[in-house]
Amino acid sequence: MAKLITVDALDYVYPDGTPALFDINLEIAEEEFIAFIGQNGSGKTTLSKCLNGLLRPTQGSIIVDDLDTRQRGIIKQLVTKVGYVFQNPDHQLFNRTVWAEIAYGPNNIGLSQSEVKERVIEAAQVAGVHEDVFDTHPYFLDKGLRQRVAIASILALRPKTIIVDEPTTGQDVRQSIEVMNFLKRLRDEEGHTIIIITHEMRIVADYAERTVVLGKGRKLLDGPTREVFAQPEILKQTFVEPPQITRVGQALVEEGLPNDVLSVEEMKVAFNRK
Amino acid sequence: MNTETTLTASPERAAKSRKTLLGYVPMVSPFYAFHPATRLILFIFLGVTPLFIFIPEMNILLLFVNLALLRWGKVDIQQLKIYMPIIFTVAIFMFTVVILAPGKDPNYTPLEVLGKTIYYQPVFFTFAAYWRLIAMLFGTILFFSTNRERELLVGLRALRLPFVASYVVGLSIRAAGMFMEDFRTIREAEQARGLDTKAMRFSDQVKLYMMYLIPLFSIALRRANEISNALFARGYTLTGRTSTGKPREDYIRSTYSYSKRDFVAIAFMIIIFVVTGLTQIFFNVFAIEHSPLNIFLRQALGIPS
Amino acid sequence: MDAAIKFKDLQWRYEHRTNFALKGINLEIIKNDFIGVVGANEHGKTTLVSAICGLIPHSYNGIYKGSVEVFGKKVFDSDALELATNVGFVFSDPEAQFTAMTVEEELAFGLENMGFEHAKIKERIDWAAETTLIQDLLDKSPYDISGGQKQRVAIACVLAMNPPIIIMDEPTSMIDPLGKNLIFDILRRLKKAGEHTLIVVEHNVEQLAPLADKMLLMYEGLVDRYLPTREFYSDSNYLQDRGVLAPESTEFVQWLISEKALPASINLPLDLAGGIETTRQALKRR
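As given, the protein sequences belong to chains A, B and C, one line each in that order.
If you count by UniProt numbering, then the first sequence holds residues 1 to 274, one letter each, in order.
If you count by UniProt numbering, then the second sequence holds residues 1 to 305, one letter each, in order.
If you count by UniProt numbering, then the third sequence holds residues 1 to 286, one letter each, in order.
Derived by calculation from the structure, the hints in this document are not laboratory data.
Please note that the accuracy of each hint is not assured.
Said to hold, decoys possible - Here are the simulated BS3-like cross-link-like pairs (lysine-lysine), alpha carbons at most 30 Å apart as the crow flies:
hint	chain 1	residue 1	chain 2	residue 2
1	C	K180	A	K143
2	A	K49	B	K198
3	A	K49	B	K19
4	C	K122	B	K260
5	B	K16	B	K74
6	B	K198	A	K117
7	C	K74	C	K214
8	A	K143	C	K23
9	B	K207	A	K49
10	C	K74	C	K31
11	A	K216	B	K207
12	C	K260	A	K268
13	C	K260	A	K274
14	C	K8	C	K23
15	A	K143	B	K207
16	B	K246	C	K120
17	B	K16	C	K122
18	C	K31	C	K65
19	B	K198	A	K160
20	A	K143	A	K184
21	C	K120	B	K260
22	A	K184	A	K236
23	B	K16	A	K216
24	A	K76	B	K198
Said to hold, decoys possible - Listed next, the stretches of chain A that the computed footprint assigns to chain B, with coverage defined by at least 3 CB atoms under 8 Å from CB atoms of chain B:
hint	stretch
25	25 to 38
26	46 to 54
27	75 to 86
28	105 to 113
29	152 to 158
All C-beta atoms in this analysis are idealised placements derived from N, C-alpha and C, irrespective of residue type, glycine included.
Work the whole structure out from these sequences, hints included.
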């Protein structure tokens, strides 16, 4: 798979002097599904904001599709490569209608009106935003739909990589599955790379193929989710615990259970194989 | 618990200062030996005194007093850099206005400067007003660099502001803080959608600020509801009524007490304030005509007083 | 056994809504029980607990039929102070419940409302701060502490007022793993002391189930199931149908029973340690 983003020896220090990231190296390829996990203050969000150029590296570099994020005046190009969906949709809905909201990004990057229209219709369709609500004020939509409008407004910029901050916070089981399946479809059918930032380990186990673990600004682990969850000692450094069923397996390795099952279904298979 | 605090702030900063809504205050400062009421009176004193003084030199002197107090108070002077843009913007704005629109008065003295006619009196008046404003600004900076929100509230209550009013002040500061955090996030969200504010015309930037109001108010509306629920759940009574019928204790205030130095400092400030006020009101001592710089310039330029 | 809370056919419809959010609740909660409340969103969990602490009907407009009694007194006839004295409430958003400028003032606010004297206020604050591990934070401002810390402050505020009933509505949904663990630690301590009726709405069943004496499932505005925790989880498929998960090890052991790898008489595990032990037994029987 082609490389999309290369992070090389990245350090980030906030303008007020607070150091947030140390020596991060990372490569992100096409069509990946990645989770960033770790305690608050571990640097997940800071790293994500560096990836789409909201924050510029203090040291080291980030190359997105041949663009160096340290260059000035490339915001308009960068946002068409890496999209960022904020945790609270209310923070990113600032237009008077849903249509204007989705059209906002394409307008900013200077597309023609016919192109803007095409992109809005396409993005709304992919995100499941029905045209009945195009003239509605985003404030009056329910939370799930506001989140979909927020995602549609990013999709309209057609970024290859989409970062979603806490997609399932405050959602129940069914709503979470709905959101996550939608993100999975974006990857499977539209070919996007998806990065989620989350505290829900069941979600990570069920959806992310690769997991990056951050702790106190450093990258602690990076690999297939299965291998990452098989190292509970390192996860503990950033206060993360693998899903309960994984830990049942890990406690019973001597009795012959694997240390890397990710779901109850996998555990059933492993048990039967014994 | 220490893990959590050290994760969120850098050790050096955490050791030297702590965060408040308007910036940072030092961890230790000689100001903390004074009662919050004394500090609030100092703020009022430094803020109101310049109103009696029209002589720019004296206000500049007052500015130095402020700076000396900031140093004495162990405030990190480096942090004051963030106020430089305000100081310059105000200067540029005030002088632009007075040069472009000086008003008309037959007594004004026209001067030719770089091929443009300016008038001496309004320009000097603006100069004096500017330093007065800066002196007041530094009084404010001093207050917020050495007092946390809690001390402001205790100060207000000690000066007999009713509990309800001071609680509303506190809630407003809290709301303003949330407002500012939301504002920052919204700006980032716009940038994430390809908005490059640096490449924008001024008029478009103004329009942009109007746009922020939509999400800010959406969030504020949703939150107002939650906050009022939280107050309900704590059994709030803004009337000051309590469930036992006894008068309401002011716990936070009771944790501070006055000492001799508070009375000395307050007396000192009141005396200076009264003397300055009276001499100005009755003898006009601090009038702009008494400014040595003004007198010197008028003589040099041959302007009659 | 004493009932702390009694619902008698309570119906409630929010203003501007067409459907009743609660459609006739009959429920008795025994004093000093720990009740876990689960259910899909929009099925009435928050509405149910709001009716106990009095936010319904006192802070919302709507149609109210039937009654809720707290220690024998109707919520409808009680005022904010009376209710706050009996029922403490912790909300899910730590941001929105922090109304004061320092942690200590936040704690003092409710106590001042109750008319306590200075010494008593100090004693209560110290005790609550110790129980929630926030002693170091007392003089900090809300800008200086994390979401998890704010949530612990919110819990401390409720504890300081020492109400016999404490309700928490998704207290951990907006905070990080360490913050979550600390909040469950506090709940564990409170349960052990056994002096409070605790009602906790929570999606995180793996940490909730081991603590709860009983679980309550809200479904379409009604109490669908209200049983001792082990019995409650005896049918994971039923729960899944209603949008609720069982702890993973509970679900797995149920499957082991259905596969006859374990006898039906075995105690269902509710926590990790139980899950490991029971699975070990099943492996030995092979």
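message: Need the list of violated hint numbers for this structure, in ascending order.
response: Of the numbered hints, 11 and 25 do not hold.
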